[in-house]
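Enquirer: Listed here are the chains, written in short residue letters.
Protein chains: 2
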Amino acid sequence: MTAETPTSSEQLEVVLAAAQSAARPFADLSPSSRAAALRAIADRLDDAAAELAPIAERESHLSQSRLSGELGRTTFQLRLFAQTLDDGAFLDARIDRSDPDWGMGPRPDLRRVNVPLGPAVVFAASNFPFAFSVAGGDTASALAAGCPVVLKAHPGHPELSARTGELVIKALAEVGAPDGVFAVIFGDEAGRTVLRDPRIQSGAFTGSIRGGRALFDIAVSREAPIPFFGELGSTNPVFVTEGAVLDDADAIVDGFIGSFTLGAGQFCTKPGLLFVPAGAGMEEKLAARFDADAGPGAAPLLNDRIVAGYRAGLERLVDSGLAAPLVLGDEAYSDAPTPTLLSTTLPDFLANPDLLAAECFGPAALVIAYDDVSELTKVLAKLGGQLTATLHARKDEPIAAELIRLMSDRAGRLLWGGWPTGVVVSYAQQHGGPYPATTAPATTSVGTAAIARFMRPVAYQNVPQALLPIALQDVNSWGVPQRINGRLEFPAEV
Amino acid sequence: MTAETPTSSEQLEVVLAAAQSAARPFADLSPSSRAAALRAIADRLDDAAAELAPIAERESHLSQSRLSGELGRTTFQLRLFAQTLDDGAFLDARIDRSDPDWGMGPRPDLRRVNVPLGPAVVFAASNFPFAFSVAGGDTASALAAGCPVVLKAHPGHPELSARTGELVIKALAEVGAPDGVFAVIFGDEAGRTVLRDPRIQSGAFTGSIRGGRALFDIAVSREAPIPFFGELGSTNPVFVTEGAVLDDADAIVDGFIGSFTLGAGQFCTKPGLLFVPAGAGMEEKLAARFDADAGPGAAPLLNDRIVAGYRAGLERLVDSGLAAPLVLGDEAYSDAPTPTLLSTTLPDFLANPDLLAAECFGPAALVIAYDDVSELTKVLAKLGGQLTATLHARKDEPIAAELIRLMSDRAGRLLWGGWPTGVVVSYAQQHGGPYPATTAPATTSVGTAAIARFMRPVAYQNVPQALLPIALQDVNSWGVPQRINGRLEFPAEV
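If you read the sequences in order, they're chains A and B.
Residue numbers for the first sequence follow UniProt numbering, beginning at 1 and rising by one.
Residue numbers for the second sequence follow UniProt numbering, beginning at 1 and rising by one.
Hints listed in this document are in silico derivations from the structure and should not be mistaken for laboratory results.
Each hint should be verified, as a subset may be incorrect.
If you want the footprint, here are the derived chain B segments under chain A, 3+ residues with CB under 8 Å [stated by the list, open to error]:
| id | segment |
| --- | --- |
| 1 | 109-117 |
| 2 | 141-154 |
Residues of chain B clear of chain A, computed beta-carbon distances all greater than 12 Å [stated by the list, open to error]:
| id | residue |
| --- | --- |
| 3 | A49 |
| 4 | A53 |
| 5 | E57 |
| 6 | E223 |
Sample of chain B residues lacking proximity to chain A, with all beta carbon distances greater than 10 Å (derived) [to be verified]:
| id | residue |
| --- | --- |
| 7 | R24 |
| 8 | E283 |
| 9 | S426 |
| 10 | M455 |
| 11 | Q461 |
It should be emphasised that the depicted structure is a prediction, and the values quoted were computed from it without experimental measurement.
Yeah, the Cβ is synthetic: ideal placement off N, Cα and C, and Gly gets one too.
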């Protein structure tokens with residue numbers, strides 16, 4: 001399949017049939033075999049870094065240094081999922097031995113393990129041409145779980161998608177993974193067709209609220225609905241108390257500007273709302289940083305779709321008259337916009353949350369001045385689910401504990417100080433949150449826990465040892481942790 | 001609120017406001033406090049057994065012995081969730097300490113724990129007036145997770161629901177749980193209203209495919225969709241090989257008849273499809289067991305809705321001409337029907353799966369004769385998701401391993417021998433499966449893992465110890481297991 005040409009119905013049928021055929025043999029691979037496959041993909045991508053970088057730069061307008069870091073993150077992520085497979089805890093193996101004296105009556109021998117859901121369709125994002133695209137987090141976690149992946153390429157970087165897909169397929173073939181485990185398709189209608197196909201058992205997506213909701217609606221309105229893991233949108237509020245301003249206003253100003261303009265503001269974790277005490281001089285400091293020409297300048301956006309969306313969002317905000325321009329240059333609406341800062345008051349914000357808290361994907365943010373810190377407790381109830389929420393405060397300010405609690409009701413990740421851009425891939429990461437941050441609040445799309453999205457448990461009752469999945473056999477030849485009669489046990493070190 | 005009168009809009013508003021107010025204080029209770037609440041509910045129910053039993057018998061037409069067993073199962077389940085809370089693993093506490101040398105760049109201190117989703121609406125089932133009703137599995141697991149519960153009573157047992165609800169509320173008050181943590185509401189429209197309310201964060205349901213799908217559609221079409229855990233329908237295929245027939249045909253005949261007629265066939269795990277080798281005499285043996293008047297007789301169904309649905313389903317099957325009556329008495333269509341067995345051939349079954357594999361909730365089953373055992377591998381692809389699938393075979397029959405694998409693609413629980421009715425509540429249970437068995441295949445509605453449905457993870461980045469949730473603090477005063485830098489660690493025994 002060549003980039004930019006939509007995948008034809010005939011080609012889709014080949015892809016779907018191959019994915020279905022590959023599902024059983026791929027599921028039957030040992031975790032260590034699948035780990036080898038992930039490592040092979042990471043190796044091939046690292047080897048091809050010099051070839052991929054110019055394509056990515058041309059198609060995404062992102063800088064070489066940013067893209068190089070992102071590719072490093074991508075291959076690190078693949079290898080971390082390989083380690084997750086080696087660890088074995090992702091299988092959640094449980095063994096209840098038969099027990100005639102079990103409290104509700106005799107208990108049979110019952111054993112439970114996670115199995116792959118089956119073929120997944122993954123919709124790539126525009127803003128991370130590596131880390132949330134062809135070989136990105138959704139692909140890595142679905143393959144780790146044992147699910148074939150049909151990857152719908154993002155139109156923003158077609159050539160990079162095609163080439164990355166070739167490398168992934170080649171790496172999988174090298175380690176002997178079944179044919180059909182991975183394919184890249186092109187075209188929005190092709191993506192929807194695949195999502196509707198009964199052979200597909202789950203969907204994953206990173207992108208806009210509108211696009212993600214449309215796909216979610218397809219997934220849940222199928223004759224047999226399937227899980228859909230959409231990471232949609234977030235404005236990532238940041239609350240700054242007077243104590244924090246007194247401690248280091250300049251660091252907050254610098255940190256905020258750095259974070260909301262990073263990558264031209266094209267991150268789902270961009271801090272779009274900054275709540276500051278009124279009269280503390282924060283607006284003036286922020287504006288001054290740009291007036292002095294020391295602030296970040298213009299940077300090109302990813303593609304025309306993003307430019308159009310950003311312009312429309314910014315115009316809606318400015319034209320509303322509810323947000324005053326704090327920083328708004330002549331080039332604010334260009335294809336390579338200069339950063340924009342708007343400001344408003346807390347009462348106006350609380351009265352117009354739908355307008356003022358809408359995500360504006362690009363280098364813009366809204367500064368909200370509050371008179372009484374206790375009013376901040378009203379903000380979160382006005383916001384939808386968030387990927388992140390950040391608090392800059394002093395530990396001894398009474399509002400801190402209350403805000404942290406309220407933030408935990410609305411967001412997937414809470415930050416004390418610092419800035420939400422930069423999502424580390426690790427064991428304890430949670431990149432998710434209530435709708436519209438995601439369509440599946442119990443799951444994460446970053447970090448090792450992401451593998452759980454693509455699995456479901458199966459219990460085996462009185463099944464003979466030889467017919468049990470290996471992870472549930474008493475000999476435990478894979479050496480995975482097993483929860484036996486309710487207590488977790490680890491295999492002896494060999 | 002009194003039974004049988006639909007809950008008014010004004011009353012619903014009171015219930016929803018109270019549930020929302022209770023969410024935070026209930027979430028803040030320690031696991032051991034919530035465990036105490038569950039144990040108090042179990043104690044109050046046990047104390048009231050003599051009072052509840054006659055109400056349950058009158059409203060459900062189930063036998064005293066069956067109801068007594070079910071109440072025992074219900075209080076056992078509450079206490080097992082209490083134990084799950086004491087264990088602490090359900091929190092999945094993870095701590096990644098800051099690490100400047102982390103592979104993708106410096107890692108902040110990142111900690112992750114499961115928090116309650118918020119208020120849940122639980123739709124009670126008709127066929128388990130205790131175990132899947134007011135104080136049943138969904139309520140127990142949602143309360144265990146820390147979520148207030150609005151319980152929509154099943155119209156089949158309104159008085160029992162009202163009285164059980166009073167006992168639950170009283171028990172919760174005794175242990176100091178916040179007001180509003182639990183309420184019982186009546187009326188289908190009231191249930192839908194609650195499901196649509198933005199204060200409700202999840203739904204759970206046990207019942208029919210049609211009813212469950214309608215509620216699922218409401219949950220996912222809200223402005224902010226919420227997780228909906230529906231346990232809908234299943235025909236629970238049982239495959240019998242020639243080897244198994246040779247080993248003990250009579251035991252299979254007895255076991256099957258006992259299982260499909262248990263509780264008048266009103267179990268979601270009723271084996272509705274029995275695949276037997278043609279010409280092995282199984283049909284004759286089954287029919288003979290009823291001819292000899294030794295088989296189970298008539299038994300009343302739960303309520304008029306069930307009677308109407310059972311009659312319509314049975315008529316559709318018989319009138320189709322695709323299934324021949326094997327056992328079909330004069331009373332087969334009455335309010336207290338005698339059991340019915342129909343028979344067909346595998347080719348006819350494979351050609352008409354939608355008609356012949358439809359769930360017929362009541363004491364009926366279909367016996368399918370096959371000529372070639374290898375043809376059984378085609379059956380599962382024709383069936384939707386199943387709660388269970390059962391295989392009676394010899395270990396050395398080559399088909400056994402293949403069928404087990406295929407069964408694992410379609411069902412939540414696989415049985416080797418035995419019968420699917422009787423779902424033990426334990427650590428390794430999985431009561432779920434792909435749609436239409438459930439609307440959430442990664443979850444279970446029976447067993448300790450059911451608690452995970454009502455939680456979502458939250459990550460805390462660089463948050464000071466005193467502001468962290470207790471389960472994430474270094475001192476670990478609750479003594480929960482913590483996964484530290486990717487390795488699970490247990491607190492030292494005190």
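Enquirer: Now tell me if each hint is right for this structure.
Expert: Now for the hints, and whether the structure bears them out:
no. : hint    : in the structure
1   : 109-117 : holds (count 5)
2   : 141-154 : violated (count 0)
3   : A49     : 15 Å, holds
4   : A53     : 17 Å, holds
5   : E57     : 20 Å, holds
6   : E223    : 9 Å, violated
7   : R24     : 7 Å, violated
8   : E283    : 26 Å, holds
9   : S426    : 5 Å, violated
10  : M455    : 7 Å, violated
11  : Q461    : 4 Å, violated
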